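The whole structure should be built from the sequences, with the hints applied where relevant.
Protein sequences appear in the order of chains S and Y. Here the first sequence is numbered in numbering that gives the first Met the number 0, starting from 0 and rising by one per residue. Here the second sequence is numbered in numbering that gives the first Met the number 0, starting from 0 and rising by one per residue.
Derived from the structure by calculation, the hints contain no laboratory data. Keep in mind it's a predicted model, so treat the numbers as computed, not measured. Relax, there's no trap hidden among the hints.
In silico BS3-like links for lysine-lysine, alpha-carbon gap of 30 Å or less:
| no. | chain 1 | residue 1 | chain 2 | residue 2 |
| --- | --- | --- | --- | --- |
| 1 | S | Lys738 | S | Lys194 |
| 2 | Y | Lys56 | S | Lys30 |
| 3 | Y | Lys31 | S | Lys124 |
| 4 | S | Lys496 | Y | Lys84 |
| 5 | S | Lys614 | S | Lys745 |
| 6 | S | Lys744 | S | Lys194 |
| 7 | S | Lys120 | Y | Lys31 |
| 8 | S | Lys120 | Y | Lys6 |
| 9 | Y | Lys31 | Y | Lys56 |
Here are some, though not all, of the chain S residues that point toward chain Y, as calculated from beta-carbon distances under 10 Å:
| no. | residue |
| --- | --- |
| 10 | Ser115 |
| 11 | Gln644 |
| 12 | Ile651 |
| 13 | Gly652 |
Positions of the beta carbon are idealized from the N, C-alpha and C atoms, including for glycine.
Residues per chain are reported as follows:
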Amino acid sequence: MSPLDNTYEKQFKVIGTRPPRPDGIEKVTGKAQYGADLYVPDMLYAKILRSPHPHAKIISIDTSEAEKLDGVKAVVTSKDFSKFSDNKPSDTLVNCIAHEKALYDGHCVAAVAALSNTIAKSALKLINVEYEILPHVTDVDEAMKTDSPIVNKGYVLENVPKGFSENVTSYYEFGHGDLDNGFNNADLIVERTFKTEAAHQGYIEPHACLASMTPDGKADLWCCTQGHYNVRALCADIMGMESSQLRVTPSEIGGGFGGKTTIFIEPIALALSLKSGKPVKLVMTRDEVFKATGPTVSSSMDVKIGMTKDGIITAGEANLRYQGGAFPNGTVEMGAQSAFAAYDLKAVRTKGWNVLTNRPKQAAYRAPGAPQAIYAVESVVDELCQKLNLDPLEIRIKNAAKKGTKSSYGPTFDDIGLIATLEAAKKHPHYLAPLEENQGRGLSCGFWFNFGGDTCVTLNVNFDGTIGVTEGNPDIGGSRASISQMAAEELGISYDKVRTIIADTNSLGHNEVTDGSRVTFAVGLATIKAARAAIKEMCKRVSLIWGIDEDAVRWENGSAIPAGPNAGQFDPMSIEEIAAMSSQTGGPIAGHHEVNAEGAGVSFGVHLADVEVDKETGSTKVLRYTVFQDAGKAIHPSYVEGQMQGGAVQGIGWALNEEYIYGEDGRLQNAGFLDYRIPVASDLPMIEPVILEIPNPGHPYGVRGVGETSIVPPLAAINNAVSRATNIRFSELPLSPPKVLSSLKKEINDG
Amino acid sequence: MSQVHIKTKINGDNIEFLCDPEETLLDILRDKLHLTGTKEGCGTGDCGACSITLDGKLVCSCLVLGAEADNSDISTIEGMSNGEKLHPLQQKFLDHAALQCGVCTPGILVAAKSLLEKNPDPTESEVRYWLAGNLCRCTGYDKIIKAVLDAAKEMRS
Chain S
0 MSPLDNTYEK
10 QFKVIGTRPP
20 RPDGIEKVTG
30 KAQYGADLYV
40 PDMLYAKILR
50 SPHPHAKIIS
60 IDTSEAEKLD
70 GVKAVVTSKD
80 FSKFSDNKPS
90 DTLVNCIAHE
100 KALYDGHCVA
110 AVAALSNTIA
120 KSALKLINVE
130 YEILPHVTDV
140 DEAMKTDSPI
150 VNKGYVLENV
160 PKGFSENVTS
170 YYEFGHGDLD
180 NGFNNADLIV
190 ERTFKTEAAH
200 QGYIEPHACL
210 ASMTPDGKAD
220 LWCCTQGHYN
230 VRALCADIMG
240 MESSQLRVTP
250 SEIGGGFGGK
260 TTIFIEPIAL
270 ALSLKSGKPV
280 KLVMTRDEVF
290 KATGPTVSSS
300 MDVKIGMTKD
310 GIITAGEANL
320 RYQGGAFPNG
330 TVEMGAQSAF
340 AAYDLKAVRT
350 KGWNVLTNRP
360 KQAAYRAPGA
370 PQAIYAVESV
380 VDELCQKLNL
390 DPLEIRIKNA
400 AKKGTKSSYG
410 PTFDDIGLIA
420 TLEAAKKHPH
430 YLAPLEENQG
440 RGLSCGFWFN
450 FGGDTCVTLN
460 VNFDGTIGVT
470 EGNPDIGGSR
480 ASISQMAAEE
490 LGISYDKVRT
500 IIADTNSLGH
510 NEVTDGSRVT
520 FAVGLATIKA
530 ARAAIKEMCK
540 RVSLIWGIDE
550 DAVRWENGSA
560 IPAGPNAGQF
570 DPMSIEEIAA
580 MSSQTGGPIA
590 GHHEVNAEGA
600 GVSFGVHLAD
610 VEVDKETGST
620 KVLRYTVFQD
630 AGKAIHPSYV
640 EGQMQGGAVQ
650 GIGWALNEEY
660 IYGEDGRLQN
670 AGFLDYRIPV
680 ASDLPMIEPV
690 ILEIPNPGHP
700 YGVRGVGETS
710 IVPPLAAINN
720 AVSRATNIRF
730 SELPLSPPKV
740 LSSLKKEIND
750 G
Chain Y
0 MSQVHIKTKI
10 NGDNIEFLCD
20 PEETLLDILR
30 DKLHLTGTKE
40 GCGTGDCGAC
50 SITLDGKLVC
60 SCLVLGAEAD
70 NSDISTIEGM
80 SNGEKLHPLQ
90 QKFLDHAALQ
100 CGVCTPGILV
110 AAKSLLEKNP
120 DPTESEVRYW
130 LAGNLCRCTG
140 YDKIIKAVLD
150 AAKEMRS
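Dropping the structure here:
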């Protein structure tokens, strides 16, 4: 047994089954309460006034007329946040409300709370803001130039190489080996520049919250978030509160995908509540969600890879330039780390530059930073294979990272499932299925680090022997079911005896955000450990009843049994019997586990995509799509499949249609679902999921996170499929019909 | 501005309300009647999260004014199950794990029910095109389509 007491070799009874989710009926009957669904007595409705300019100095804000409007109860501007006068505003606060400058189209400048949404909207029109318009920049390459408008001063880190504008705030470098020697050994080198546009997570539920704050510094906040402990930390800092005085309760969450890991509106609602003395509800419109939450970075990337004629990659190099809006972020670091993660390379070098622009501050979106970099690398690998007439899947197997590989970003890999995943793809009928004219097949590997982090779980043994699990991570894809399954498995009881709930911030210790594909891994690990603690206590109680050593009581199939010299001496005591007597044997029984979970275990996936390109319209239809991914151990296979399918489709959208379009005026041109087109049901075929299970040694049942990797491969898989279908190498996403059509026409004109 | 007095039938019950002339039926359902199963995803008729039926027709309630609903018969997600008994579509969505976050689910269920009333035996393509106005960002639609086809099959038998 390893130190973690892994049991992933055992026969599971509950793990791997597909029970109904505990929140299911509420969600199919409309009862589940999301961020905007709570109404409380005397509640006000809030609306935000946003800058129409991408970059402007705020000369003055006159709110007097708005305040006079009948039904208006409070108006706030940056002056209502003391952190600005203390000169200590965090980036998060400045992003929530502009102070001296509006930094992007849609930046909040003021907000109103009123008796109704209608009144609040009317009041916004009465606020008079005087702006001095400044020059702006929204393109990453333009923003790096020394003559670019400077977006936000004072952020440049010391290690940033010279020769760029002050918008270049950080620089990262990873790799090993002799790059020159590697390229000298190549028979073919391909070097290309790629661009990707920003995409939005596109969760269907806009951000929403309801805040109630009192003059003594206490507050209650209800909001849709991926991490209410982080909401508490950020809001408490902004409002100058102590954490204990701010209770944050997470609503059901209508999608997040990384975009709800931070805050955008919560401090505004708190400030309006404090000023008005009433609860304030603030719900974003879709237009606001696009303009003023956290889309992804956009990128400009150079990738150079050398290959021998028998398919050995001799060297790989990537230079990544990411813009993530008006504030610094570290996303390009993760891009630079993950670019070549799927390969075992002798020589590899990646560099990354973060750049500021007049766009909203980027937020995480499933595997942040990886889809862009891996898209560029996997597109070049495919081009090399095509030019050298090599099988792209064989070549990936030949060069694949495995246990013992020194990764391109430093660490040496433990057990990873990449080769098994590639082999599964090779064996799958999809890979050899025939293609017709104008059709192409693309493939790509994907990678994500996965994460563990701070986690607390309490597992209560109720007097009737049923189990209440209390955890602190909003459930964004069925995690309450998988947590209940792990508790039931460990305790040896049935799934329906367990109910898992997500507690507010005052009911458990700190829990890291639902991100990094961490919940089933880390909360699962803590749940198993909490169950083991409860079992230990139950065995102790039984030892008291039986009058034997604690060590002589063993737990089996939901009961305590006498073991060792006492084997067979007593009838087993079931969890129900132990629970019923717990008051007499020392009091209620519970297990806890608090941990900063490590050992998340990296994740790899491989996607196969077949497309058909309509040469008259430039439109691409996805005909067949298969996702192969290593889940370590699939606790609830349906929800693992759901992550694989959902991530794949988000990636397909990013590859084919989704993009932030900024006009010359620096304004977002497509802030709505009509013009920012996410995939709809009729765009897609069934997405076939193939789950691999190569146990992660870092989890008692072998679990690896599965939530993020699935968005990584589609960008290159689709790009490679379209490139092969048209025989044109594309290097800019999205592959929207006008873009593909103009390349097709150019190809015809060029002969 | 004076409010308009509206009489409707919602999920079989007679309901009256007062609304501002510019208020949408979605605002009324949610803010006035607290029937929050109908969701607002966009407010522009692009996402289908606010789908209801109005006199039997599938509509986005964000594109209907409250005042337009006078003397109409409205069905929302809250009226879909029969007491404890889930509609077959609701049950199949649970069986197939056809929801993740669940915020699009009420709209999709209302839309799918409307499809099956018109076409009890749809093909996969027909389901996909009928639901093309209902955005789901979590599932990739795969399990939703399967759940609808399975519910249709059960309802036919």
